[in-house]
Amino acid sequence: MKLPRDPHLLYSLINMKLRNDYADLDDLVRSLGVERVELERHLAQVGYRYDVGLNQFRWIK
Numbered sequence: 000m001k002l003p004r005d006p007h008l009l010y011s012l013i014n015m016k017l018r019n020d021y022a023d024l025d026d027l028v029r030s031l032g033v034e035r036v037e038l039e040r041h042l043a044q045v046g047y048r049y050d051v052g053l054n055q056f057r058w059i060k
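With numbering that gives the first Met the number 0 applied, the sequence shown corresponds to residues 0 to 60, in that order.
These are calculated hints, taken from the structure and not from any lab test. There's no promise every hint is true.
What the hints assert, rightly or not - Listed below are the simulated DSS-like cross-link pairs for lysine-lysine, each with C-alpha atoms no more than 30 Å apart in a straight line:
id, residue 1, residue 2
1, Lys1, Lys60
2, Lys1, Lys16
3, Lys16, Lys60
To be verified - Pairwise CB distance ranges, derived in the manner of DEER restraints:
id, residue 1, residue 2, range
4, Lys1, Gly52, 16 to 22 Å
5, Asp26, Lys1, 28 to 34 Å
6, Gly32, Lys60, 29 to 35 Å
7, Lys60, Lys1, 27 to 33 Å
8, Glu37, Met15, 15 to 21 Å
Here a beta-carbon is modelled for each residue, glycine too, at the ideal position from N, C-alpha and C.
Let the hints inform the model, and build the full structure from the sequences given.
Laid out in structure tokens, this is it:
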């Protein structure tokens with residue numbers, strides 16, 4: 000699967016996948032064959048951080 004380059008579209012897609020298809024972020028990145036650090040870094044550039052308890056990325060001020 001080719002992931003969107005736009006971080007806001009990526010945020011939306013990743014959260015949908017986490018909600019519907021994956022138990023956690025590690026499961027998602029393994030399945031999609033992407034690097035967790037790179038995914039988190041890309042989303043952090045626009046203020047999104049992964050919340051383990053909620054199993055989703057959230058916007059952090």
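Tested hints:
1. Lys1 with Lys60: Answer holds: Lys1 to Lys60 is near 29 Å, not above 30 Å.
2. Lys1 with Lys16: Holds, at roughly 14 Å.
3. Lys16 with Lys60: holds, 24 Å
4. Lys1 with Gly52: 16 to 22 Å: violated, 30 Å
5. Asp26 with Lys1: 28 to 34 Å: Given range 28 to 34 Å: violated, Cβ gap about 19 Å.
6. Gly32 with Lys60: 29 to 35 Å: Since Gly32 and Lys60 have Cβ atoms about 32 Å apart, the given range 29 to 35 Å holds.
7. Lys60 with Lys1: 27 to 33 Å: holds, 31 Å
8. Glu37 with Met15: 15 to 21 Å: holds, 19 Å
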